[in-house]
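*Asks:* Spelled out, the chains give:
There are 2 protein chains.
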Amino acid sequence: MKIAIVAPSCGLKREAAERVAAIGAARGDCELAIHPQCFLSEGHFAGSDAARLAALRETMGDPSVDALWFARGGYGSNRIAEAAARDLPVAARRKLYLGYSDAGFLLAAFHKAGLEVAHGPMPQDVLRAGGEAAVARALDYIVQRSDSALETGLDGPAMAFNLTVLSNLLGTAIAPDLSGRDLLIEEVSEHYYRIDRAMFHVTGDEGVREVRRLRLGRVSDVIENEPEFLTDEGEIVSDWCERSGIAFGGQADIGHDAGNKVVPFGPSRL
Amino acid sequence: MKIAIVAPSCGLKREAAERVAAIGAARGDCELAIHPQCFLSEGHFAGSDAARLAALRETMGDPSVDALWFARGGYGSNRIAEAAARDLPVAARRKLYLGYSDAGFLLAAFHKAGLEVAHGPMPQDVLRAGGEAAVARALDYIVQRSDSALETGLDGPAMAFNLTVLSNLLGTAIAPDLSGRDLLIEEVSEHYYRIDRAMFHVTGDEGVREVRRLRLGRVSDVIENEPEFLTDEGEIVSDWCERSGIAFGGQADIGHDAGNKVVPFGPSRL
Chain A
1 MKIAIVAPSC GLKREAAERV AAIGAARGDC ELAIHPQCFL SEGHFAGSDA ARLAALRETM
61 GDPSVDALWF ARGGYGSNRI AEAAARDLPV AARRKLYLGY SDAGFLLAAF HKAGLEVAHG
121 PMPQDVLRAG GEAAVARALD YIVQRSDSAL ETGLDGPAMA FNLTVLSNLL GTAIAPDLSG
181 RDLLIEEVSE HYYRIDRAMF HVTGDEGVRE VRRLRLGRVS DVIENEPEFL TDEGEIVSDW
241 CERSGIAFGG QADIGHDAGN KVVPFGPSRL
Chain B
1 MKIAIVAPSC GLKREAAERV AAIGAARGDC ELAIHPQCFL SEGHFAGSDA ARLAALRETM
61 GDPSVDALWF ARGGYGSNRI AEAAARDLPV AARRKLYLGY SDAGFLLAAF HKAGLEVAHG
121 PMPQDVLRAG GEAAVARALD YIVQRSDSAL ETGLDGPAMA FNLTVLSNLL GTAIAPDLSG
181 RDLLIEEVSE HYYRIDRAMF HVTGDEGVRE VRRLRLGRVS DVIENEPEFL TDEGEIVSDW
241 CERSGIAFGG QADIGHDAGN KVVPFGPSRL
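These protein sequences, in sequence, are chains A and B. Heads up: the first sequence begins at 1 in this note's numbering, then just goes up one per residue. Heads up: the second sequence begins at 1 in this note's numbering, then just goes up one per residue.
Bound conformation, chain A alone:
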């Protein structure tokens, strides 16, 4: 199985690429093709919009590639997501697409276009404490669709997003159709007041109110609020669920960490 790694947001660190390549080689059940675009740099991004889009479209259209694995998050995939999902070649429809965080813009756009996508660990995660387990889990899912890689609470169609990414997707041409699905969210490096504001926004959306239930993954590296916010992520999320009539489904095993489990989005149309 050939897995292409491209970086639609920020650049992949060389050290991460080397360590992931070594893990792949040691497994022997997959060939990792790390696209040179992963190491481009143009300001914030892994190359210009055109360069990132070209690498994405090239690998999407390559019939020898079985899966596209997004190198890392950061910011920038939204700038090319709509174009990347347009006029898809047949080869693009015969692949799995895996990533999370900023790559959620692509997950949404690609799932809407009928592609097989899943929310889960990315190559750059190898640099986290215990990150090799995250990479192994992602590869287990990509190569074998291994059940052990999955979030354990999945009992119906689901989608998973970083909360801020979801907030910025709503109302756009690539907004996800969440109707009847479990929505799993996670967050990193935000203030509680921003998390509260994003929950106001997300739960205020009519489409989001059609979810089967909302589950909360981990919220890590919260930026200190001055003064103290008084409520934490669990209280914030359950409060907005209650206000908006959304069923709160408890915790989810996803987040910006090595424990981040895989959440396949399932069929585009239910």
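Keep in mind that the hints were calculated from the coordinates and are not lab data. Any given hint could turn out to be false.
Unchecked claim - Only some residues are given here: those of chain B computed to face chain A with a beta carbon under 10 Å:
1. F45
2. E82
3. F105
4. L169
5. L170
6. A175
7. D177
8. H191
9. R194
10. H201
Just so you know, these numbers come straight off a predicted model, no measurement behind them. We put the CB at the ideal spot given by N, CA and C, even for glycine.
Assemble chain B onto chain A, guided by the hints.
*Replies:* Then chain B, alone, in the frame of chain A:
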């Protein structure tokens, strides 16, 4: 003219209240009624949601009050905006409502409910360098609807919002109807990548795409991007306008500073 000051988001500093009260007393053309709720504190907020909503509703319903002046921004008015705009008493319809930043949630909700609202300086702005001019401008507008307080580029119906506040309003029950209006935006204390992401979100909204044109106020205290973002707010905003088919109308004289001009929202229905 009686002007009530309430704090639907964060608390008003005593020093700001004293200085604004002195400015009001020296003018002699208005009575400033600073509601005690302005000095409440509950974590991030100027009192609980219930306390902030009660102060707001009390002053809205007070026939002796001619204008409500929001004390300051911060975060929190979204938590009570929908309730504040519900089942309005007649007295609430005979007032002007002025504020900006986080108070944009109230401007949107109240304007949608048919009230007279304007985007402009708030009492806490007196603490800025040159802030007395901002307070004088706000009072000139509240008391006299003075033309000299207005943003000079207004030549048709307009609305003004903090970009992040607008992004969080879209799709909610209190989202503004921007169709046919000039949209003026400003921002403070964000990274360029977040400004870029918010512009993706805002210009991706079908309703926003119906604006007459979009104009850019000041973007201040930008948080340093690592690595450098390469484009500034002018390039970011004109780029997203071009991508989304929105006419870019150039600069606007609004922002988180003492120069912030007043932008009345005009009639609720055009």
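*Asks:* Hint by hint, which ones does this structure get wrong, listed from lowest number up?
*Replies:* Of the numbered hints, just 7 does not hold.
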